[in-house]
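Number of protein chains: 4
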Amino acid sequence: MSMDDYFTNLNDRERAIFEGAVSMGALYHQFVGTPVNMDTKKSLEDAIKSSIKLQPAVVDVCVNLDEKLIADATKRSSYTSVTGDMFNVEITTKINDTSIITCIKYIEDLDYPLMFVKE
Amino acid sequence: MSMDDYFTNLNDRERAIFEGAVSMGALYHQFVGTPVNMDTKKSLEDAIKSSIKLQPAVVDVCVNLDEKLIADATKRSSYTSVTGDMFNVEITTKINDTSIITCIKYIEDLDYPLMFVKE
Amino acid sequence: MSMDDYFTNLNDRERAIFEGAVSMGALYHQFVGTPVNMDTKKSLEDAIKSSIKLQPAVVDVCVNLDEKLIADATKRSSYTSVTGDMFNVEITTKINDTSIITCIKYIEDLDYPLMFVKE
Amino acid sequence: MSMDDYFTNLNDRERAIFEGAVSMGALYHQFVGTPVNMDTKKSLEDAIKSSIKLQPAVVDVCVNLDEKLIADATKRSSYTSVTGDMFNVEITTKINDTSIITCIKYIEDLDYPLMFVKE
Numbered sequence: 000m001s002m003d004d005y006f007t008n009l010n011d012r013e014r015a016i017f018e019g020a021v022s023m024g025a026l027y028h029q030f031v032g033t034p035v036n037m038d039t040k041k042s043l044e045d046a047i048k049s050s051i052k053l054q055p056a057v058v059d060v061c062v063n064l065d066e067k068l069i070a071d072a073t074k075r076s077s078y079t080s081v082t083g084d085m086f087n088v089e090i091t092t093k094i095n096d097t098s099i100i101t102c103i104k105y106i107e108d109l110d111y112p113l114m115f116v117k118e
Numbered sequence: 000m001s002m003d004d005y006f007t008n009l010n011d012r013e014r015a016i017f018e019g020a021v022s023m024g025a026l027y028h029q030f031v032g033t034p035v036n037m038d039t040k041k042s043l044e045d046a047i048k049s050s051i052k053l054q055p056a057v058v059d060v061c062v063n064l065d066e067k068l069i070a071d072a073t074k075r076s077s078y079t080s081v082t083g084d085m086f087n088v089e090i091t092t093k094i095n096d097t098s099i100i101t102c103i104k105y106i107e108d109l110d111y112p113l114m115f116v117k118e
Numbered sequence: 000m001s002m003d004d005y006f007t008n009l010n011d012r013e014r015a016i017f018e019g020a021v022s023m024g025a026l027y028h029q030f031v032g033t034p035v036n037m038d039t040k041k042s043l044e045d046a047i048k049s050s051i052k053l054q055p056a057v058v059d060v061c062v063n064l065d066e067k068l069i070a071d072a073t074k075r076s077s078y079t080s081v082t083g084d085m086f087n088v089e090i091t092t093k094i095n096d097t098s099i100i101t102c103i104k105y106i107e108d109l110d111y112p113l114m115f116v117k118e
Numbered sequence: 000m001s002m003d004d005y006f007t008n009l010n011d012r013e014r015a016i017f018e019g020a021v022s023m024g025a026l027y028h029q030f031v032g033t034p035v036n037m038d039t040k041k042s043l044e045d046a047i048k049s050s051i052k053l054q055p056a057v058v059d060v061c062v063n064l065d066e067k068l069i070a071d072a073t074k075r076s077s078y079t080s081v082t083g084d085m086f087n088v089e090i091t092t093k094i095n096d097t098s099i100i101t102c103i104k105y106i107e108d109l110d111y112p113l114m115f116v117k118e
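Residue numbers (numbering that gives the first Met the number 0), protein chains in the order written: chain F, 0 to 118; chain L, 0 to 118; chain E, 0 to 118; chain A, 0 to 118.
I should point out that these hints are in silico values taken from the structure, not numbers from a laboratory.
There's no promise every hint is true.
Claimed, not checked - Distance ranges between label pairs, derived from CB positions: (1) F:110 to A:110: 23 to 33 Å; (2) F:71 to A:3: 23 to 33 Å; (3) L:71 to A:8: 17 to 27 Å; (4) A:59 to F:0: 41 to 51 Å; (5) F:61 to A:66: 39 to 49 Å; (6) F:61 to E:3: 48 to 58 Å; (7) F:95 to E:68: 42 to 52 Å; (8) E:0 to F:75: 54 to 64 Å; (9) F:110 to A:59: 34 to 44 Å; (10) L:73 to E:106: 33 to 43 Å; (11) E:1 to L:68: 52 to 62 Å; (12) A:87 to L:73: 17 to 27 Å; (13) A:87 to E:2: 12 to 22 Å.
Virtual Cβ for every residue (Gly too), placed ideally from N, Cα, C.
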């Protein structure tokens with residue numbers, strides 16, 4: 000059996016949603032805790048982007064770690080650890096002609112970094 | 000806005016798929032690398048189950064780390080690190096009346112621990 | 000060569016320090032980000048303790064995740080992610096007759112969870 | 000109290016050993032599991048190097064992920080996950096005039112990626 004044989008029970012949109020969500024869960028839990036400061040932010044964003052682009056169906060990844068949170072957390076120390084609130088990420092997954100954008104961003108109303116599918 | 004407001008663009012099945020996939024990606028990347036042997040396997044499985052059951056829409060989690068792989072990897076050492084191939088997991092997510100079971104297991108044909116939605 | 004052959008350049012105290020520090024770095028970066036709330040705190044502490052006790056030279060591990068921080072972070076949501084500030088951990092390592100206690104705890108003066116060797 | 004006040008019980012060599020070991024434990028457990036292939040190897044090595052150089056007392060970091068293992072693991076798939084066996088890393092820590100090099104590499108005799116202090 001090939002990989003596609005395991006996905007015959009999902010339509011293209013469902014599979015794009017599935018792959019985007021797997022990749023977002025992976026990204027969060029792989030990289031949370033990584034040492035970072037303003038000097039290394041770009042290098043870490045690049046590595047996150049490169050590694051997540053390898054995952055199935057991923058065609059694009061935009062990663063912005065929150066500058067203000069990193070700057071605030073490094074006022075009194077030379078670096079900090081990546082926290083969930085810092086993630087501003089969009090992952091585009093595509094199955095045949097169907098694309099989905101999966102996002103994570105900190106939502107003030109929820110006081111929580113929410114993962115969701117962009118309209 | 001409440002959390003539900005961010006999911007009006009997904010039907011119940013799509014959202015159950017989304018939440019199951021996020022939780023599976025999270026589980027893999029959070030716990031891969033954890034020191035384990037046959038004595039601590041149960042304690043780690045329990046903690047994985049408890050922590051992933053906290054995630055949105057998750058109603059059940061079954062976790063079995065592969066006994067044979069752990070036994071093989073600890074023949075010459077007192078412990079090993081959890082690898083992706085060891086995961087046998089099923090996560091059940093439910094939105095209203097719609098349930099989805101998201102799985103990971105090592106597929107020999109693919110030589111790969113595959114994440115998929117169970118028929 | 001056996002494992003001990005790689006440590007002939009360290010005395011017992013240095014090697015106990017080395018192994019305690021490796022285990023503390025491991026613990027922090029393995030478990031930061033794990034979903035947790037007051038109900039699953041104990042199960043996660045048990046799994047952390049069990050897994051870190053497997054590491055070389057470790058003879059005891061005390062793990063207390065900060066109750067107040069978990070309670071505060073779950074006032075408006077059903078769970079949170081483990082952050083570095085939550086760790087109160089002591090790892091005892093022993094080489095022959097020499098023991099060392101390696102700690103992590105949040106230090107208010109530093110606004111930082113510090114890893115150090117206890118007097 | 001400043002950070003140095005917590006380390007008055009360690010001499011320079013002991014503290015260099017401590018900081019090198021913390022950083023090596025951190026590196027292993029932070030980055031194990033990251034998606035990687037031959038195309039993204041360099042970007043990941045750069046991010047590992049940048050982030051670990053932020054840690055206390057670290058003055059140099061050399062990271063080589065094992066090309067052969069990555070190539071082998073991606074013969075039948077487009078990417079793999081970083082495993083402990085892939086790490087070839089040297090971290091140099093320095094306290095005043097005392098430097099220590101902490102290593103991890105796979106040791107065939109032990110069938111194990113060993114962390115140790117280089118002679």
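Quick rundown of the hints versus the structure:
1. F:110 to A:110: 23 to 33 Å: 47 Å, violated
2. F:71 to A:3: 23 to 33 Å: Since residue 71 of chain F and residue 3 of chain A have Cβ atoms about 24 Å apart, the given range 23 to 33 Å holds.
3. L:71 to A:8: 17 to 27 Å: 42 Å, violated
4. A:59 to F:0: 41 to 51 Å: Roughly 48 Å apart at Cβ, these two residues keep to the hinted range, so it holds.
5. F:61 to A:66: 39 to 49 Å: Violated, at about 29 Å.
6. F:61 to E:3: 48 to 58 Å: At roughly 49 Å between Cβ atoms, residue 3 of chain E and residue 61 of chain F fall inside 48 to 58 Å, so the hint holds.
7. F:95 to E:68: 42 to 52 Å: The hint (42 to 52 Å, Cβ to Cβ) holds, given that residue 95 of chain F and residue 68 of chain E are roughly 46 Å apart.
8. E:0 to F:75: 54 to 64 Å: 45 Å, violated
9. F:110 to A:59: 34 to 44 Å: 40 Å, holds
10. L:73 to E:106: 33 to 43 Å: Once the Cβ atoms are compared, 37 Å apart, the range 33 to 43 Å for residue 106 of chain E and residue 73 of chain L holds.
11. E:1 to L:68: 52 to 62 Å: 25 Å, violated
12. A:87 to L:73: 17 to 27 Å: 24 Å, holds
13. A:87 to E:2: 12 to 22 Å: Once the Cβ atoms are compared, 18 Å apart, the range 12 to 22 Å for residue 2 of chain E and residue 87 of chain A holds.
Against the hints set out earlier in the document, violations occur for numbers 1, 3, 5, 8, 11.
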